[in-house]
Amino acid sequence: MSRFKLVLGALLGAAVAAGGAALAEELKVGFVYVGPIGDHGWTYRHDIGRQAIEKALGDKVKTSYVESVAEGQDAERVIRQLASSGHKLIFTTSFGYMNPTMKVAKRFPNVHFEHATGYKRDKNLSTYMARFYEGRYVAGRIAGAMTKSGTIGYIASFPIPEVVRGINAFTLALRSVNPTATVKVVWVNTWYDPGKEGDAAKALIDQGADVILQHTDSPGPLQVAEARGVWGFGQASDMRAFAPKAQLSAIIDNWDGYYVARAKATMDGTWDSRDTWGGFNTGMVEMAPYNERIPAEIVADAKATVAAISAGTLHPFQGPIKNQDGEVVVPAGKALDDGALLGMDWYVEGVQGKLPK
Amino acid sequence: MSDIGIFVSVVLTVISAATPLLFAATGELVAEKSGVLNLGVEGMMLVGAVTGFAVTTVSGSATLGIVCAALAAGGMALLFGFITLTLLANQVATGLALTLFGVGLSSVVGQSFVGTPVDALPKLAVPGLAAIPVLGPILFEHDALIYLSVIMVAAVAWFLYRTRAGLVLRAVGDSHEAAHAIGHPVIRVRYLAVLFGGAMAGLGGAFLSLSYTPMWGENMTAGRGWIALALVVFATWRPARVLLGAYLFGGVTILQLHAQGVGIEIPSQVLSMLPYLVTILVLVLISRDQAKVRLNAPACIGKVFHPST
Chain B
1 MSRFKLVLGA
11 LLGAAVAAGG
21 AALAEELKVG
31 FVYVGPIGDH
41 GWTYRHDIGR
51 QAIEKALGDK
61 VKTSYVESVA
71 EGQDAERVIR
81 QLASSGHKLI
91 FTTSFGYMNP
101 TMKVAKRFPN
111 VHFEHATGYK
121 RDKNLSTYMA
131 RFYEGRYVAG
141 RIAGAMTKSG
151 TIGYIASFPI
161 PEVVRGINAF
171 TLALRSVNPT
181 ATVKVVWVNT
191 WYDPGKEGDA
201 AKALIDQGAD
211 VILQHTDSPG
221 PLQVAEARGV
231 WGFGQASDMR
241 AFAPKAQLSA
251 IIDNWDGYYV
261 ARAKATMDGT
271 WDSRDTWGGF
281 NTGMVEMAPY
291 NERIPAEIVA
301 DAKATVAAIS
311 AGTLHPFQGP
321 IKNQDGEVVV
331 PAGKALDDGA
341 LLGMDWYVEG
351 VQGKLPK
Chain L
1 MSDIGIFVSV
11 VLTVISAATP
21 LLFAATGELV
31 AEKSGVLNLG
41 VEGMMLVGAV
51 TGFAVTTVSG
61 SATLGIVCAA
71 LAAGGMALLF
81 GFITLTLLAN
91 QVATGLALTL
101 FGVGLSSVVG
111 QSFVGTPVDA
121 LPKLAVPGLA
131 AIPVLGPILF
141 EHDALIYLSV
151 IMVAAVAWFL
161 YRTRAGLVLR
171 AVGDSHEAAH
181 AIGHPVIRVR
191 YLAVLFGGAM
201 AGLGGAFLSL
211 SYTPMWGENM
221 TAGRGWIALA
231 LVVFATWRPA
241 RVLLGAYLFG
251 GVTILQLHAQ
261 GVGIEIPSQV
271 LSMLPYLVTI
281 LVLVLISRDQ
291 AKVRLNAPAC
301 IGKVFHPST
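Just so you know, the sequences run in chain order B and L.
Start counting the first sequence at 1; every next residue gets the next number (the numbering used here).
Start counting the second sequence at 1; every next residue gets the next number (the numbering used here).
Just to be clear, a hint being listed does not mean it is correct.
Derived pair list, reagent style DSBU-like, types lysine-lysine, alpha-carbon separation capped at 30 Å [claimed, not checked]:
| id | chain 1 | residue 1 | chain 2 | residue 2 |
| --- | --- | --- | --- | --- |
| 1 | B | 264 | B | 322 |
| 2 | B | 245 | L | 123 |
| 3 | B | 103 | B | 60 |
| 4 | B | 148 | L | 123 |
| 5 | B | 148 | B | 62 |
| 6 | B | 123 | B | 245 |
Please keep in mind that the hints were generated in silico from the structure rather than gathered at the bench.
Just chain B, same shape as in the assembly (with noise of 0.2 Å):
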C-alpha cells in the first residue's frame, strides 16, 4: 500500500515538476486531501476551495492535488514530495497531517504552509480552521422553532472537542427557543459509513426524534429523515438533493475566499504566518438555502441570528450556561473564550447521556 503510493507520489512529482518547467511565472498550489474529493463532505469542499483559485486566478496559478493521504508517515512524503517540486504554497487539510506539516516546513523556508484545524505554527506555517459551531447554534434555533416531540436526535462521529462544541452550540441555541427540548447523541465512531449513519438516523426517529442533526459527512441519515417524513440538516454542503422535503438548512463549509486570499497574498508577497478561526463574519461557514416550508418568521429569526454572531453581538456560548448536572459554568455576563472552546470535553444541559471520554 504505502508503496504504491510513493510510487505515486514519484509520479505526480515528476508530472507537476516537468509541467512546471515551461511557465516559471506562475504560482503553484498544492493540496493534501484525507478524503476522496467524492465524498461530498469535507475534502469535496476543501476541492472546491482549490477549484475556486483556479477560477479568481486564472492562467497565473497552477493547483495539484493528492487525494486520501493517510495521516502519518504517508503524508509527510506527499507533502515533501509537493514542496520540493515547486508548490510554493501547500495547504494540508486534515487535523493528521499537523506534525509531518510541520517537519516539511522546518526543511522548505521559502515555501508558505497551510494547515487545517490545527494548533503549531511556524514562520512559514499557518493554521486555519472554521467555527461550524456558529451554524450549529442557528440550525438550533431553527430546530427548537420546528420541533413537535421537543426531543432531537444528534448523529456524532468522534467525542472530540470539535464534534462536542458542535453538539452544545446546537443544544444552548435550541434550548433559548424551547427550554425543554432535549438531545439525544449517537456516536457512530466514523465520519463516513452511509448504511451505519442512516441506521443511527432510523434509531433516533424510532425513539422519537423529528429533527436529526448529524456531524458526519454522507448524506444517508438525510435520507432517512426524507423517507420517514422528519426534518434533517445537511452536513459541509447543501444536501437538499437528497432530501428536498426533509432538509431544514445545511451547515456549508466555505474555504473559497480563505483559499484565494491566501494565494494572491503569496503572490504579492504579503503571505504572513498566521491564525485563522474564521465564522460567518468570514464567509467560511455559510447556512444553506432555508426549506420554503420553514414559516417565514422563523426564517427571518435564523437570518438574524446568522447576522448577529457575524456582527459579534451574539456569542453562541454567552452565559449563564449549564451543565448536564444543573450547575452554572459560565455565569451571565461572560462567555467563554476560545481556549476554552478548543478543549471542550463537557456537555452542557438538555443533552441527554453521558460523554464518552
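Once you have looked at the hints, place chain L on chain B.
Relative to the frame of chain B, chain L by itself:
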C-alpha cells in the same frame, strides 16, 4: 409511535443492515467451499454498488441496474479467477489487489454520480399476507433484493447439501487431487463458484446503493466486505449460520445505536465493539465442536491446483 410500531421499525432496520452482509457472505461461502479464497469481496461490492447506481440512474430501470451490478462484480470475479485459476497466482495477494482495484475503479466510474440521489427500490407487499399485523410488515413487505437474499441462502444450502453438483463442488474444495482423479473438472467448478461469489457481492453492493442508502459515495461499503469474509469463517461455512451471523451482527449494531439513544451509561466505543464481539462469541460457541468444524472447512482452501502436479 406505539411500542409495537417501534418493534417493527427496529426489526426492519436490522433486516436492511444484515442484507448486504448476507449477500456477500453467501457468495463467498460458495467460492470458499470450492477451495478458493477471494479476499476481493469489498472491491467487488463497490463495483456492484457503483454499477447498480449508475445503470439505474442512466437507464431508469432498477432491474437492469441490479442485473448489471451482478454482471460487473462477476466480471471482477472472472478477472480474479483468470489470475488465480488459470495463471495460478497466489489467491490472498490477488484478492487483496482486487479490493484495491475495486475501490479505485468504483470511484473513477462513480465520479459524476456523487451528489445525486436515486429512487429507492420499491417495496413489494405480498397480497394478503402483508396486511397481517406485526408479522406482515416484517416478513412480507420488502424490496426484491431482501426477499432474494433469503431465498439465495436457502438455495445455496439446498444446492450444496442436496444436489450432486453441490457434492462435486464440495469435493473439489476438500481435495482437488481426488476430485480431479475421478474426472471432475476442478478448474471449471472453481470458476463457476468464484463467478457466483462475485455476482452475489455485486448484489450486496447494489442493495447498498439502491435500497439501504439510495446514493453513491466513494467507499460506501465501509468495510462490509471484510465483515462478510469474517462471517463465513466464523459460521464454519454453513449457510444457515451465515444467515444467523449476518442478522446477529445487524441486530446488535442497531440495538447498540438504540442503547445510546436512550442514554445507557456504557461508553459508545464499547458499544461499537459489541456487534463484533457478540457475533464472534455466538458463532464460536455454536461451532465449538472441532471435529465438525474440520468437516465443514474446505481442506483445499487457498491452495493452487494444477492438473499435472
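Which of the stated hints cannot be reconciled with the structure, identified by number in ascending sequence? Of the numbered hints given earlier, those the structure breaks are 1, 5, 6, listed in rising order.
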